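Working from the sequences, and respecting the hints, build out all of it.
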Amino acid sequence: MTGVIILRDGTGADHPVLVQVWRSSVDATHDFLADADRDAIEARLASDYFPQVRLTVAEVDGAVAGFSGIAGEDLAMLFVHADARGGGVGRALLHHAVREQGVRTVDVNEQNHQAVGFYAHSGFTVTGRSETDGDGLPYPLLHLALGSA
1 MTGVIILRDG TGADHPVLVQ VWRSSVDATH DFLADADRDA IEARLASDYF PQVRLTVAEV
61 DGAVAGFSGI AGEDLAMLFV HADARGGGVG RALLHHAVRE QGVRTVDVNE QNHQAVGFYA
121 HSGFTVTGRS ETDGDGLPYP LLHLALGSA
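Numbered per full-length UniProt numbering, the sequence shown spans residues 1 to 149.
Among these hints, one or two may not hold up.
As the list claims (entries may be wrong) - Now the in silico label distances, taken between C-beta atoms and shown as ranges:
{"id": "1", "residue 1": "Arg104", "residue 2": "Pro51", "range": "16 to 26 angstroms"}
{"id": "2", "residue 1": "Thr132", "residue 2": "Asp35", "range": "12 to 22 angstroms"}
{"id": "3", "residue 1": "Ser130", "residue 2": "Gly3", "range": "36 to 46 angstroms"}
{"id": "4", "residue 1": "Val4", "residue 2": "Ala40", "range": "13 to 23 angstroms"}
{"id": "5", "residue 1": "Thr125", "residue 2": "Gly62", "range": "29 to 39 angstroms"}
{"id": "6", "residue 1": "Glu131", "residue 2": "Asp61", "range": "35 to 45 angstroms"}
{"id": "7", "residue 1": "Gln52", "residue 2": "Asp31", "range": "23 to 33 angstroms"}
{"id": "8", "residue 1": "Leu137", "residue 2": "Ser47", "range": "17 to 27 angstroms"}
{"id": "9", "residue 1": "Ala36", "residue 2": "Gly123", "range": "30 to 40 angstroms"}
{"id": "10", "residue 1": "Val126", "residue 2": "Ala63", "range": "29 to 39 angstroms"}
{"id": "11", "residue 1": "Val19", "residue 2": "Gly62", "range": "13 to 23 angstroms"}
Worth flagging that the hints you see were computed from the coordinates, not collected in a lab. The model shown is predicted, which means the values in this text are computed figures rather than measured ones. The beta-carbon is built from N, C-alpha and C at its ideal position, and this holds for glycine as well.
Set out below in structure tokens:
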């Protein structure tokens, strides 16, 4: 994927391909997740998670390469297909979320060191930590805020 990154609003029709992008991304970056937990989250994406956020889809060369989900000022999700990693898709989605959608906070799995570095490089700092994720599973979260000291 080497073309121009196009961002657009996501719709319900995008859900199946967004689940595929999520799985590709998580398989590449979330090796700490138990298989059963990964499968359970995947099964709930379209029904439980996507309807709770404003989706933005990133396309490159006509193919969906990544997406973000915004809830208020919180970046609830940002995933890039494994084949598109390193091509600026995540950066484009994050910049859009901050500049156009007012994002100021994000929670990130503490074990996802690549994501922690990505957000730190983008100006986010740690403001807190939780021992469990939003579903109460034993995957610690770092709470980050933009421009916090």
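We went through each hint and held it up to the structure:
1. The hinted window of 16 to 26 angstroms between arginine 104 and proline 51 holds, with their beta carbons roughly 22 angstroms apart.
2. For the pair threonine 132 and aspartate 35, the supplied restraint of 12 to 22 angstroms holds, since their beta-carbon distance comes to about 19 angstroms.
3. The given range of 36 to 46 angstroms is respected by serine 130 and glycine 3, whose C-beta atoms sit roughly 38 angstroms from each other.
4. The given range of 13 to 23 angstroms is broken by valine 4 and alanine 40, whose C-beta atoms sit roughly 36 angstroms from each other.
5. For threonine 125 and glycine 62, the hinted distance range of 29 to 39 angstroms is satisfied, since their beta carbons lie about 37 angstroms from each other.
6. Taking the beta carbon of each, glutamate 131 and aspartate 61 are about 41 angstroms apart, inside 35 to 45 angstroms as hinted.
7. For glutamine 52 paired with aspartate 31, a C-beta distance near 26 angstroms keeps the hint of 23 to 33 angstroms intact.
8. The hinted range of 17 to 27 angstroms is satisfied by leucine 137 and serine 47, whose Cβ atoms lie roughly 18 angstroms apart.
9. For alanine 36 and glycine 123, the hinted distance range of 30 to 40 angstroms is satisfied, since their beta carbons lie about 35 angstroms from each other.
10. Distance hint for valine 126 and alanine 63: a CB-CB separation of about 34 angstroms, consistent with the stated range 29 to 39 angstroms.
11. The given range of 13 to 23 angstroms is respected by valine 19 and glycine 62, whose C-beta atoms sit roughly 19 angstroms from each other.
This entry does not satisfy hint 4, going by the numbered hints stated previously; all others are met.
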